[in-house]
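Visitor: If you want the building blocks of each chain, they are given just below.
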Amino acid sequence: MTHMVEIRDLHKSFGALEVLRGIDFTVDQGQVICIIGPSGSGKSTLLRCVNLLETPTRGQVFVEGEELTHPDVDIDAARRRVGMVFQQFNLFPHLKVLENVTIAQRRVLKRGKAEAEKVARDNLAKVGLADKAGSYPAQLSGGQQQRVAIARALAMNPDLMLFDEPTSALDPELVGDVLAVMRQLAEEGMTMLVVTHEMGFAREVADRVVFMDGGVIVEEGPPEQVIGDPQEDRTRTFLRRVLDPTSS
Amino acid sequence: MTTSATTEPSGPARKTPGRTGLSPRQRRRISLGVQSTVLAAGLLLVVLLVDWPLVRETFLDFGATREMYPDLFTIALKNTVIYTLSAYAVGFSLGLVVALMRLSSLAVYRWLALVFVEIFRGLPALLTLMIVGYGLPIALGGPVPGGTVGAVAVGLGLVAAAYMAETFRAGIQAVPKGQLEAARSLGMSHTRAMFSIVIPQALRIVIPPLTNELVLLFKDSSLVSALGIAAAGVELTKMGSDFAINTADSTPFVVAGACYLIITVPLGILVRRLEARQAKAR
Ligand SMILES: Nc1ncnc2c1ncn2[C@@H]1O[C@H](COP(=O)(O)OP(=O)(O)OP(=O)(O)O)[C@@H](O)[C@H]1O
Ligand SMILES: [Mg+2]
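Line by line, the protein sequences give chains A and B.
Per the working numbering, the first sequence starts with residue 689, numbered consecutively.
Per the working numbering, the second sequence starts with residue 215, numbered consecutively.
Chain A with its partners taken away, still in its complex shape:
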């Protein structure tokens, strides 16, 4: 069986700075993987290598068996199957919410206006924002903007969703709504790769937790093991700091 995502010996350097130093892992259809680790450990870079927003320096990335790192690959076509949600939402501020969710459907998938709007409204309803279709992003709270961003990605019918700290820019009281949407998505069987500091979410929803430090995977396994009973010192140190920020 082909894996949804397969990463082989992935390296990424920015100039002299080696950010990823040999990453190997796989994600299967329907799995939810949470990536945790200290700031600067390369989590975002890894995620951005999966849809080639960053070009790996070495190694291979396969999505659904297709090698995205192959020079002949149609990367635009491949990205349609991979949705991405950013820490800073990155909604298009000059477009209304509905247009944010329809523009790629229309321009990339060439869906007609009526169909695109129907798909958009369905997905906005799914994230609880059916009534915000006519608003501009700036008129929404951070939590609402992030849910629109999720709807925008889902409207492309992706097979895989990447989340890069989707709740880190949110006020604490708005985090719950976004996590609820993600939890529902996981229950529906979406394959998800989530960089997060929300240990509660990782513990409950993840099939596997990956702990990264210094550009390598230090430890990975089911949440009850990696979060509940970590084997590595570095994981323990990190978790102690995240779970109880007062004891630094």
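Rather than coming from a laboratory, the hints here were simulated on the basis of the structure.
One thing to keep in mind: the hints can contain errors.
Covered stretches of chain B, as calculated for chain A (at least 3 residues, CB under 8 Å) [to be verified]:
{"hint": "1", "stretch": "382 to 395"}
{"hint": "2", "stretch": "405 to 418"}
Calculated from the model, a selection of chain B residues having no Cβ within reach of chain A, i.e. all distances over 10 Å [stated by the list, open to error]:
{"hint": "3", "residue": "Val269"}
{"hint": "4", "residue": "Leu328"}
{"hint": "5", "residue": "Lys433"}
{"hint": "6", "residue": "Ser455"}
{"hint": "7", "residue": "Ser464"}
{"hint": "8", "residue": "Tyr474"}
Heads up, the beta-carbon is just placed ideally off N, CA and C, and yes, glycines get one too.
Please arrange chain B with the ligands on chain A, whose structure you already have, making use of the hints.
Guide: This is chain B with the ligands only, laid out in the frame that chain A set:
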């Protein structure tokens, strides 16, 4: 008066340390007094020294301008507007292309664009206009397509494009990188993402400087007066100077000048409004 560096200044008599020992309020009052005295003295000098009847006769003798109407509006102002808008259209589209070339990942494009900008920002606009107006017909072995308007659109448009390219480039670079990334992550090609997502936002950012460029072009259209142009192609400055020479009076200059201000002042106010609105939206 005794001041001590070691004791804290206290009470309402607190003085800021200064050579004069004056309080800020006293100093401000003296400064205002000096400024208004200078202003009054200047006005007095102007009133006394200027030969007012001569001024009126030279600059405000509207009898000398009677012959200018209605051609001033139906020909000269109209032509000025046509030259300005056609050059602006060329400058806008060419400027956008050059800006995109400046940001291209292909070094050749970046280099070409830079050469273009440096040349047409560096040359005097009048010289560029003359090269196109006189030189291009010779090079083409015939008139420039579009006649005078075509030559002006190209000549002044090249100069405007060089400036607008830099404005567009700054606007495009002011759009956060995350916008392009979000668009690419949705499967848009680089070109698609630029035209659907980045450029519309960049245009909003550069509306005030682009409107300002329109004002500058409107004034630069007066350079056309230096080209030998048929009567039907006469614009405001040429018409003003022709009448000034014929009537040996400078009032036609003033009248032509007023026509420029009718357009440039409202545009200037518009630019300031747009800038204020953007500053508030930040
Ligand atoms: N485009 C870039 N150019 C240069 N250096 C970069 C670039 N992107 C990331 N880096 C560097 O790579 C390292 C890893 O960055 P990355 O964003 O992947 O870390 P992270 O684990 O996501 O951290 P955080 O939790 O703070 O988001 C950092 O030292 C960062 O400064
Ligand atoms: Mg990160």
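Visitor: Work down the list of hints and note, for each, if the structure agrees.
Guide: Tested hints:
no. : hint       : verdict
1   : 382 to 395 : holds (count 4)
2   : 405 to 418 : holds (count 6)
3   : Val269     : 53 Å, holds
4   : Leu328     : 25 Å, holds
5   : Lys433     : 32 Å, holds
6   : Ser455     : 46 Å, holds
7   : Ser464     : 50 Å, holds
8   : Tyr474     : 34 Å, holds
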